[in-house]
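Asker: These protein sequence lines are chains X and Y, in that order. According to this note's numbering, the first sequence is numbered sequentially starting from 3. According to this note's numbering, the second sequence is numbered sequentially starting from 3.
Since the hints were derived computationally from the structure, they do not count as laboratory data. Treat the hints with caution; some may be incorrect.
What the hints assert, rightly or not - Straight-line C-alpha distance at most 27 Å; calculated DSSO-like pairs for lysine-lysine:
hint : chain 1 : residue 1 : chain 2 : residue 2
1    : Y       : K197      : X       : K4
2    : Y       : K60       : X       : K292
3    : X       : K5        : Y       : K91
4    : X       : K197      : Y       : K5
What the hints assert, rightly or not - Simulated DEER-style distance windows between Cβ atoms:
hint : chain 1 : residue 1 : chain 2 : residue 2 : range
5    : Y       : R23       : X       : E115      : 32 to 40 Å
6    : Y       : Q13       : X       : S7        : 46 to 54 Å
7    : X       : E224      : Y       : Y384      : 44 to 52 Å
8    : X       : Q296      : Y       : E76       : 52 to 60 Å
All C-beta atoms, glycine included, are put in the ideal place defined by N, C-alpha and C.
Number of protein chains: 2
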Amino acid sequence: MKKPSRIEDIQPFHVMALLARARELEAQGRDIIHMEIGEPDFPTPQPVLDAVSSIIDKGDIHYTPATGLPALREAIAHFYLQRYQRLVKAEQVIITPGASGALMLALGTIMAEGDEVLMADPGYPCNRNFVRFLSGKTRTIAVNAESAYQLSLEQLEQQWRDNTVAAIIATPSNPTGTLIEYDELTAMADFVRAKGGYLIVDEIYHGLVYENELETAAGLNEHVIVINSFSKYFSMTGWRAGWLVAAPALINDMDKLAQNIFLAAPTPAQYAALAAFKAENIEVLEQYKKEFQQRRDYLLSALKELGFVIEVEPRGAFYIYANCEKFTGDSDQFALDLLENIGVAITPGKDFGRNRPEKYVRFAYTTSLPRLQQAVARLKDYLHG
Amino acid sequence: MKKPSRIEDIQPFHVMALLARARELEAQGRDIIHMEIGEPDFPTPQPVLDAVSSIIDKGDIHYTPATGLPALREAIAHFYLQRYQRLVKAEQVIITPGASGALMLALGTIMAEGDEVLMADPGYPCNRNFVRFLSGKTRTIAVNAESAYQLSLEQLEQQWRDNTVAAIIATPSNPTGTLIEYDELTAMADFVRAKGGYLIVDEIYHGLVYENELETAAGLNEHVIVINSFSKYFSMTGWRAGWLVAAPALINDMDKLAQNIFLAAPTPAQYAALAAFKAENIEVLEQYKKEFQQRRDYLLSALKELGFVIEVEPRGAFYIYANCEKFTGDSDQFALDLLENIGVAITPGKDFGRNRPEKYVRFAYTTSLPRLQQAVARLKDYLHG
Numbered sequence: 003m004k005k006p007s008r009i010e011d012i013q014p015f016h017v018m019a020l021l022a023r024a025r026e027l028e029a030q031g032r033d034i035i036h037m038e039i040g041e042p043d044f045p046t047p048q049p050v051l052d053a054v055s056s057i058i059d060k061g062d063i064h065y066t067p068a069t070g071l072p073a074l075r076e077a078i079a080h081f082y083l084q085r086y087q088r089l090v091k092a093e094q095v096i097i098t099p100g101a102s103g104a105l106m107l108a109l110g111t112i113m114a115e116g117d118e119v120l121m122a123d124p125g126y127p128c129n130r131n132f133v134r135f136l137s138g139k140t141r142t143i144a145v146n147a148e149s150a151y152q153l154s155l156e157q158l159e160q161q162w163r164d165n166t167v168a169a170i171i172a173t174p175s176n177p178t179g180t181l182i183e184y185d186e187l188t189a190m191a192d193f194v195r196a197k198g199g200y201l202i203v204d205e206i207y208h209g210l211v212y213e214n215e216l217e218t219a220a221g222l223n224e225h226v227i228v229i230n231s232f233s234k235y236f237s238m239t240g241w242r243a244g245w246l247v248a249a250p251a252l253i254n255d256m257d258k259l260a261q262n263i264f265l266a267a268p269t270p271a272q273y274a275a276l277a278a279f280k281a282e283n284i285e286v287l288e289q290y291k292k293e294f295q296q297r298r299d300y301l302l303s304a305l306k307e308l309g310f311v312i313e314v315e316p317r318g319a320f321y322i323y324a325n326c327e328k329f330t331g332d333s334d335q336f337a338l339d340l341l342e343n344i345g346v347a348i349t350p351g352k353d354f355g356r357n358r359p360e361k362y363v364r365f366a367y368t369t370s371l372p373r374l375q376q377a378v379a380r381l382k383d384y385l386h387g
Numbered sequence: 003m004k005k006p007s008r009i010e011d012i013q014p015f016h017v018m019a020l021l022a023r024a025r026e027l028e029a030q031g032r033d034i035i036h037m038e039i040g041e042p043d044f045p046t047p048q049p050v051l052d053a054v055s056s057i058i059d060k061g062d063i064h065y066t067p068a069t070g071l072p073a074l075r076e077a078i079a080h081f082y083l084q085r086y087q088r089l090v091k092a093e094q095v096i097i098t099p100g101a102s103g104a105l106m107l108a109l110g111t112i113m114a115e116g117d118e119v120l121m122a123d124p125g126y127p128c129n130r131n132f133v134r135f136l137s138g139k140t141r142t143i144a145v146n147a148e149s150a151y152q153l154s155l156e157q158l159e160q161q162w163r164d165n166t167v168a169a170i171i172a173t174p175s176n177p178t179g180t181l182i183e184y185d186e187l188t189a190m191a192d193f194v195r196a197k198g199g200y201l202i203v204d205e206i207y208h209g210l211v212y213e214n215e216l217e218t219a220a221g222l223n224e225h226v227i228v229i230n231s232f233s234k235y236f237s238m239t240g241w242r243a244g245w246l247v248a249a250p251a252l253i254n255d256m257d258k259l260a261q262n263i264f265l266a267a268p269t270p271a272q273y274a275a276l277a278a279f280k281a282e283n284i285e286v287l288e289q290y291k292k293e294f295q296q297r298r299d300y301l302l303s304a305l306k307e308l309g310f311v312i313e314v315e316p317r318g319a320f321y322i323y324a325n326c327e328k329f330t331g332d333s334d335q336f337a338l339d340l341l342e343n344i345g346v347a348i349t350p351g352k353d354f355g356r357n358r359p360e361k362y363v364r365f366a367y368t369t370s371l372p373r374l375q376q377a378v379a380r381l382k383d384y385l386h387g
């Protein structure tokens, strides 16, 4: 049988094959240092576990409204006020099964078949697959060190077409950990409003920024849709809870979609998330963040010393996007070689797009400092031994 | 701004407006008996709560593989062997965020834009919205009491077109609670195979059949995709876990989609589900089922006495689809009237399609027997008092 083009067009993550090989090697007794994994290695913080346990004990784990627990929507609105001094109404917030659910609602609501969405290359690979899944078209824009690997207002102006409905940006970005300056962000928000389109702003790494305090795009204007998640800063990946903030005019349609396509985000995750904003939990998260920062500071200088070129200093998330030209002309083979020879698993550039991926690899510092040190020692030995 | 036709075409559930009004009345102190709700009122059984608590205590709630916990896939394969004497390999099972996630994977994998999907009217309203969400076309086929409100082989033969890729059937069905005979089911599976299409069989109410033991469609042939859920028989709605069973040839593509569109089903739900197959849990579920059966037996005869016509005896699920012509020519207004006047909430036929919906309402017996008795007393008073 011929497969639908939708399924032919959606690419699997190349890192999955590498991960499968890593698991094989581990089954053979090899020690693999995982630096390919895009999720925090920290456990769910204790205050969240305590809160959710007391809910679970009651056994009343029924559906919530499709838009989420009202108290959680309120807590998120309050979070915007407290952390960003930004007024967002609870009615503008929808709780989703992870940021994935939020992106599905956003695109499903604003994009018709054949409409075009702009995004940076390199970028998070699921974004273009979501667009294809919903029969839209992605126009990727090659970005480089000059714009900190981010889309710029100038590029939006140049690339926006009649059938463009949205641009997806991410700050901090995956895979580069770079930020968009607030002036640029607000200018882009103004631009999409003038065009009658949308700016989808992925802020899932927002809490993990190491020197700066970021401002949010939420509520900038009614053409901005912000996506966030409890999986990164809040260290709650497996629970599957995220959220979006959108203009009131979009919320009814998103609610309608949510009722149909996922009914509601998981109830245990929503109660967990409700506890995530408590002061004692934020304390734990700030400790996690400090540890991420130590890892980044260490790994950044160690990779430079080894000869990797970090073209733009990552300022957030838990990734370092490194130019590996000094060692290879084929980053994919390079990643496989490192896995086979020294048991270090990293992600090849080609998972993030077609913009010179053969020159780049992504290191995730989602493993402990001692393990990162071990990885660096192995790399040193292998590359310079 | 003009809305995309996708979002214009997807209808909200009419019952949501009714539910909102019910909440308003409750806030004013009115007592509302909820018979519009499609989820079990029972708590998550204690054996499941105990198992998940011990997992949560460890805090290790990270992502599982996109296809689900390997042990859970094994447990489900074992369940097919044990309950149905049907051989299904663990590799054919994918764990999904509810049956919704399963339907998304199934349609996303087999349906191209513009392809047609057949389904019964009346039927579960989300099905056609899923098809529209993914830019397919639904051909609804009016069904009636003659075929127990189910699609028949004859109808598939008559209605299958060149661009038809699948039929979605449900046994037991929502809203009618009726079954498809096994001979008919296997004949339909043969038919879609001959056509090179797919039969998507919704078995989410499978455990809740009151006189018969059903046989499963899982594994009938490689053109059958079975969808199931932990939300109904297993009484675990809010956790959001379901599964599908498909031919090995489809699994890689479904895995690829799952990686992109939801990453993985919620981890707590998957551990909960793993405990759901334990003997002591099945004992609890069989008690729940007995209670559902008592409610059905009571409500069925009470509604008949009141003058509702139940054209086909429901044999499963927790719904009674009742002809209300004796009382009204407008079931939508009738449902609103019952809510306003006697505080009984039921679902009007128009949420299930366009096949004479004005003559039907759906009663869900997802509330206790004493509450059902109260509802019947109020109905008697109102309709005959």
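Asker: Against the earlier hints, flag every one the structure doesn't satisfy and list their numbers going up.
Answerer: 6 and 8
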